[in-house]
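Trainee: Start from the sequences and build out the full structure, keeping to the hints where you can.
Residue numbers (our numbering), protein chains in the order written: chain A, 1 to 165; chain B, 1 to 165.
Careful: at least some of the hints might be erroneous.
Said to hold, decoys possible - Restricting the straight-line Cα-Cα distance to at most 20 Å, the calculated cross-link-like pairs of lysine to aspartate or glutamate (EDC-like) are:
1. B:Lys14 / A:Asp133
2. A:Lys136 / B:Glu21
3. B:Lys47 / B:Glu80
Keep in mind that the hints were calculated from the coordinates and are not lab data.
There are 2 protein chains.
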Amino acid sequence: MPTTTTSTQEQFVKTILFSWEQSLGQASAFFSNLTDEEFLRPIAPGKNRIIYLLGHLAAVHDRMMPLLGTGERQYPHLDETFVTSPDNPATLMPSPDELRHAWTTVNNELTQHLRDWTPEEWLQRHTAVSAEDFAKEPHRNRLSVVLSRTRHVGYHMGQLILYKK
Amino acid sequence: MPTTTTSTQEQFVKTILFSWEQSLGQASAFFSNLTDEEFLRPIAPGKNRIIYLLGHLAAVHDRMMPLLGTGERQYPHLDETFVTSPDNPATLMPSPDELRHAWTTVNNELTQHLRDWTPEEWLQRHTAVSAEDFAKEPHRNRLSVVLSRTRHVGYHMGQLILYKK
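Mentor: Here's what the structure looks like:
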C-alpha cells in the first residue's frame with residue numbers, strides 16, 4: 001500500500017522536524033529573555049559567556065547550509081570568534097541583537113529547506129562525506145547532521161541554563 | 001517501488017538509532033572514566049553533582065520502558081532520589097558502580113527493543129498520550145520520545161563536561 005508507506009515516511013519527517021523546531025524554539029526563547037548585561041555573564045565561573053555560546057550556535061548553524069548542500073553561508077565571519085577560538089573577553093564581539101538576528105535568520109532559512117525536502121532528500125549524503133565513504137556508511141546523511149545539531153543545541157542549552165544563581 | 005520505499009524507511013530508523021547509540025556511548029564513556037571521588041564533584045559551584053546526573057539519567061531511561069510500552073521498570077526506586085528530588089549531599093545514594101550498572105542495563109534493554117521495531121512501530125503512540133490526543137497530534141509517538149531523550153542526554157552531557165577545571 002504505497003499510500004500508507006508514504007505516510008509512514010512523512011510521519012518520520014514530521015516528528016524529526018518537530019524535534020528540531022522545538023529545540024530551536026527553546027534556545028531562542030532563552031536568548032530573547034536576556035538583557036545585554038546578562039549576555040556577558042559566564043555560564044559558570046571561568047567558563048564560556050552566554051554571548052559566546054549564542055555566536056557559536058549561530059555560526060555552527062550557518063555552517064549547516066553548505067554542509068547540507070542547501071546554499072551559501074551568510075555569516076562566515078563569525079567562525080573566527082565563535083568556532084575556531086575559545087571565548088575571549090578581550091575580543092570585540094557583535095552585539096547580542098546582531099547575534100540573535102543571525103541565529104534567527106539562519107534557522108528560518110534552514111528550517112524552510114528542511115520542510116521542503118522529500119524523505120529521500122533527507123537521506124542524501126552531506127557534503128563532508130565522500131561518495132565512496134557514503135556508499136559504505138549511508139547513515140552519514142543529511143538527517144544525521146540535523147539530529148547531531150539538534151543534540152548540539154541541547155548540549156549548550158544544558159550549559160546556558162546554569163548561569164542563574 | 002516498494003523495495004526502495006522500505007529501504008528509505010529503514011534508513012530513517014538506522015540513522016535515528018545511530019544517533020541514539022552515539023549519544024549513549026558518549027555518556028557511558030564519560031561515566032566510565034571517573035573515579036568514585038570525581039562522582040561527588042559538582043559540575044559547577046552549587047550545581048548538581050556528577051553522581052546525581054548519572055542516577056537521573058538512569059532513572060529517566062528506566063522510565064522510558066513503560067512510556068514506550070516495552071516493559072516494566074527495573075529501577076523505580078531511583079525516582080525519589082534522582083527525579084522527584086533535587087541533588088542533596090545528605091541523601092544516601094547508590095554507589096557509582098551500581099548506578100553505572102543500572103544505566104548500562106536499562107540502555108541495553110531499551111536499545112534491543114528499538115532495534116526490533118518496524119518503522120510503523122516507531123510511529124505508534126507513547127503511553128503518556130491518549131488515543132484521542134494522538135489522533136490530533138500524531139507526532140507524539142515513540143520516535144518523539146527517543147529523540148527527546150537523546151537530546152536530554154546531550155543536555156546533561158553539556159553540563160557534565162564542565163566539571164573539569
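Trainee: Name the hints, by number, that the structure is in violation of.
Mentor: As far as the earlier hints go, not one is violated by this structure.
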